[in-house]
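Here the structure of chain A is known, so what remains is to put chain B with the ligands in place on it, guided by the hints.
Residue numbers (full-length UniProt numbering), protein chains in the order written: chain A, 1 to 332; chain B, 1 to 332.
Quick caveat, the hints were computed from the structure, so don't treat them as lab data. Watch out, some of these pointers could steer you wrong.
[Stated by the list, open to error] Straight line, CA to CA, 20 Å or less: simulated DMTMM-like cross-link-like pairs of lysine to aspartate or glutamate:
hint: 1; chain 1: A; residue 1: K256; chain 2: B; residue 2: E247
hint: 2; chain 1: A; residue 1: K256; chain 2: B; residue 2: E143
hint: 3; chain 1: A; residue 1: K220; chain 2: B; residue 2: D223
hint: 4; chain 1: A; residue 1: K70; chain 2: A; residue 2: D8
hint: 5; chain 1: B; residue 1: K256; chain 2: A; residue 2: D272
hint: 6; chain 1: B; residue 1: K220; chain 2: A; residue 2: D87
hint: 7; chain 1: B; residue 1: K256; chain 2: A; residue 2: D269
hint: 8; chain 1: A; residue 1: K77; chain 2: A; residue 2: D87
hint: 9; chain 1: A; residue 1: K256; chain 2: A; residue 2: D232
hint: 10; chain 1: A; residue 1: K245; chain 2: B; residue 2: D223
hint: 11; chain 1: A; residue 1: K231; chain 2: B; residue 2: D272
hint: 12; chain 1: A; residue 1: K256; chain 2: B; residue 2: D272
hint: 13; chain 1: B; residue 1: K252; chain 2: A; residue 2: E247
hint: 14; chain 1: A; residue 1: K245; chain 2: A; residue 2: D271
[Stated by the list, open to error] Derived Cβ-Cβ restraints for the label pairs, each shown as a range:
hint: 15; chain 1: A; residue 1: G28; chain 2: B; residue 2: H296; range: 46 to 56 Å
hint: 16; chain 1: B; residue 1: H296; chain 2: A; residue 2: R275; range: 39 to 49 Å
hint: 17; chain 1: B; residue 1: E16; chain 2: A; residue 2: Q241; range: 35 to 45 Å
hint: 18; chain 1: A; residue 1: G291; chain 2: B; residue 2: I203; range: 30 to 40 Å
hint: 19; chain 1: B; residue 1: T294; chain 2: A; residue 2: T292; range: 35 to 45 Å
hint: 20; chain 1: A; residue 1: N142; chain 2: B; residue 2: Q241; range: 28 to 38 Å
hint: 21; chain 1: A; residue 1: P286; chain 2: B; residue 2: D59; range: 33 to 43 Å
No residue lacks a Cβ here, since even glycine has one placed at the ideal position from N, Cα and C.
Number of protein chains: 2
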Amino acid sequence: MHAIIHTDASSPSSLEWQTTEAPCITNGEALVELHYAGLNRADTLQAQGHYPPPQGCTDILGLEASGVVKEANGATKPDGSPWNNGDEVAVLLSGGGYAQYAAVPHGQLMPIPEGYSLAQAASIVEVACTVWSNIMMTARVNEGDLVLFHGGGGGIGIFGIQLAKALGARVAVTAGSAEKLATCKKYGADILINYKEQDFAKIIAAEGGADVILDIIGAKYLDANISSLAKDGHMVIIGMQGGVKGELNIGKLLSKRGTISATGLRYRDVDDKARIVKATIENVWPLLADGTITHHIDRIVPITDAAAAHEALLNGEVTGKVVFDIPRPHAE
Amino acid sequence: MHAIIHTDASSPSSLEWQTTEAPCITNGEALVELHYAGLNRADTLQAQGHYPPPQGCTDILGLEASGVVKEANGATKPDGSPWNNGDEVAVLLSGGGYAQYAAVPHGQLMPIPEGYSLAQAASIVEVACTVWSNIMMTARVNEGDLVLFHGGGGGIGIFGIQLAKALGARVAVTAGSAEKLATCKKYGADILINYKEQDFAKIIAAEGGADVILDIIGAKYLDANISSLAKDGHMVIIGMQGGVKGELNIGKLLSKRGTISATGLRYRDVDDKARIVKATIENVWPLLADGTITHHIDRIVPITDAAAAHEALLNGEVTGKVVFDIPRPHAE
Ligand SMILES: NC(=O)c1ccc[n+]([C@@H]2O[C@H](COP(=O)([O-])OP(=O)(O)OC[C@H]3O[C@@H](n4cnc5c(N)ncnc54)[C@H](OP(=O)(O)O)[C@@H]3O)[C@@H](O)[C@H]2O)c1
Ligand SMILES: NC(=O)c1ccc[n+]([C@@H]2O[C@H](COP(=O)([O-])OP(=O)(O)OC[C@H]3O[C@@H](n4cnc5c(N)ncnc54)[C@H](OP(=O)(O)O)[C@@H]3O)[C@@H](O)[C@H]2O)c1
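So that you can see chain A by itself, here it is in the shape it has in the complex (with noise of 0.2 Å):
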């Protein structure tokens, strides 16, 4: 098969569409081909040497896509249906999006999200899995809550604004620009903070505290997050865009009977991915499908130019999803 192969460790931009081997499926997975791999942030940090794909892992990049099943190897789907060769897939990966073929678990086949095309489907699970799982199974939000979501207007941000909003939260979001800010005000977003302008903590604790908070800045938002937590409210850090290292005032967060998680979703196992995605398809999909919850691809680009569109997120050229078209095999 095709699969973008990273030719050189030392340059983040080796990217070559290059033959290499196909994966082999073992007990528990199904071979999937692929036909649109997302883009994540993620990628350009593994391809910078900073997140290496968990062990025994394919080191090809990609944390989702989609497309068709050729050897479901007797997986099942969620309802205990079987999956059948040719059936249509979205798929939660560990690496190895940037491919023609993937080697799935089981567990983490996805049906596509109805009416969705495949392309936008290969661009939603990951961030789809990412916040369900965060702020429903690591922190729980609960219908009248305030949750802050930090960028606001990034992939994360813009989902999650949704996704708390259809379960009945009050939502803030911290941004920096005022376009970002009405991006967020135009997904659902109650309070709008501009974190280069005005101080969250003050903001949130002035509005009774957040019951949940989504970091994703890490050291630099600790201290402040705590201050903006609600009594009894849960921060779940899953980025450290700010720094690694932070105090913690045990005292301030015992006096909010507080919570921090730190989680990411790669590195779970197989049966804590499949719990997720079940989950996600169970509670995530139907607002995907009745456009509760809309989703933006910015562009879809040849997986040929993958190198150039990592440059164009550095740059913060993109605003929505960059989703990859990967030639069929038969098509060489």
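Relative to the frame of chain A, chain B with the ligands by itself:
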């Protein structure tokens, strides 16, 4: 009525048995005549001015007690049957236990565990509600988990060891002396760590990591606790004997997908307390009744000697619970 009055705020030992106004009950409260009260380390902190009672609460000391219902005022047990005047009860309090009467929110009345004396019952409430709520309602111990208790030889630790063993967990403890570790072993602890001589994080990591940690040290142990966590582990901080502010390595926490909570029982609202009390009666009381968990009283002293008892506790002269005997009002 009589109660222990803290006559001089600047002197922790100015604890005098004096007349004061009896509490008035409101809707949702029962009046209880108290016969025994448990002594907690928190009482000594409050006497030192460090642990103020929640707003609206009496400033009389005492977080747990037992006695007889004087005015049930419509209170019903968790099973729906009514509390009657004359019933013996144990009570969880936000304060006011060092007195002849207390106004007790209905949800904080507990039956006397089968086979328990009133003195035993008075001194098990705080530790039982604290440990159950933290290791089962905030974190969640599953069969086969490894649970680490710091201060295994203390009141929380000895109770925690027995409860966690009853839940099917393996138990590790830290303590500062061979004697205390022998006590921990007697109560069922599997892994005994002398924190003065050994590196607990190293030992716990070699055992596969702790799924749940109940911490009473705070800042000083923050990083070593995170190093000790198993994947998806949860540490709950309930004490800060080792300081309030510590450096949090978020990257390390994320690599464990770890969770840190910090909680306290006293400042929870009545609904929250009622929820905890109900769960404790349902889950812990049977383990007291059948002897799975044993409870050791160090001494029962007249409440008029409260000041001396505080001193004994602070001087480390106490190895189990101190219980105050409260003179009946009609016998004065
Ligand atoms: N742990 C996991 O499983 C997992 C999974 C997926 C994603 N993630 C992480 O989640 C983060 C967000 O992902 P994404 O796909 O949404 O990325 P994205 O689309 O690039 O969005 C990131 C957003 O962060 C905002 N931002 C930057 N600095 C900020 C600050 N100081 N305060 C508030 N916002 C700030 C940026 O907005 P402005 O331009 O307005 O500053 C940008 O919109 C990334 O760090 C990613 O690695 C983690
Ligand atoms: N947040 C809440 O709701 C709540 C409720 C109840 C209790 N608490 C807190 O929980 C803590 C324990 O309560 P307790 O009643 O069990 O007190 P305790 O009976 O005095 O026990 C404390 C134990 O801590 C041990 N210890 C001291 N330094 C240590 C260290 N560096 N490493 C490991 N162990 C150490 C002592 O043992 P050695 O002599 O062997 O050092 C002692 O046995 C207290 O801080 C209390 O305030 C909190």
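Cross-check of the supplied hints:
1. Under the criterion of a C-alpha separation no larger than 20 Å, the hint pairing K256/A with E247/B is consistent with the structure, at around 19 Å.
2. At most 20 Å may separate the alpha-carbon atoms for a hinted pair to count; K256/A and E143/B exceed this at roughly 30 Å.
3. Of the supplied pair hints, the one linking K220/A and D223/B holds, its CA atoms being roughly 18 Å apart against a limit of 20 Å.
4. For the hint pairing K70/A with D8/A, the CA-to-CA distance comes to about 31 Å; that exceeds 20 Å, so the pair is violated.
5. A hinted pair counts as satisfied when its Cα atoms are at most 20 Å apart, and K256/B with D272/A qualifies at roughly 14 Å.
6. Between the alpha carbons of K220/B and D87/A the distance comes to roughly 55 Å, so the proposed pair goes past 20 Å and is violated.
7. Taken as a hint, the K256/B and D269/A pair is honoured in the structure, with Cα atoms around 12 Å apart against an allowance of 20 Å.
8. For the suggested pair K77/A and D87/A, the alpha carbons sit about 11 Å apart, so the restraint of at most 20 Å is met.
9. In summary, the hint linking K256/A to D232/A is supported, as the alpha carbons are separated by about 6 Å, within the 20 Å threshold.
10. Taking the CA atoms of K245/A and D223/B, the gap is near 11 Å; set against the 20 Å cutoff, the hint holds.
11. Restraint check for K231/A and D272/B: the C-alpha separation of about 12 Å stays at or below 20 Å, so the hint holds.
12. For the proposed pair K256/A and D272/B, the alpha carbon gap of about 14 Å is at most 20 Å, so the pair holds.
13. Between the alpha carbons of K252/B and E247/A the distance comes to roughly 14 Å, so the proposed pair stays at or under 20 Å and holds.
14. With a CA separation close to 30 Å, the supplied pair K245/A and D271/A exceeds the 20 Å bound.
15. At about 51 Å, the CB distance of G28/A to H296/B agrees with the hint of 46 to 56 Å.
16. For H296/B and R275/A, the Cβ-Cβ distance of about 42 Å falls inside the hinted range of 39 to 49 Å, so the restraint holds.
17. Remark: the range hint 35 to 45 Å for E16/B to Q241/A is contradicted by a beta-carbon distance near 58 Å.
18. About 54 Å separates the C-beta atoms of G291/A and I203/B, a value inconsistent with the hinted range of 30 to 40 Å.
19. Judged by the Cβ atoms, the range 35 to 45 Å given for T294/B and T292/A is violated: they are separated by roughly 55 Å.
20. As the Cβ distance of N142/A to Q241/B is approximately 34 Å, the hint placing it in 28 to 38 Å holds.
21. Distance hint for P286/A and D59/B: a CB-CB separation of about 54 Å, inconsistent with the stated range 33 to 43 Å.
Consistency note: the structure conflicts with the earlier hints numbered 2, 4, 6, 14, 17, 18, 19 and 21.
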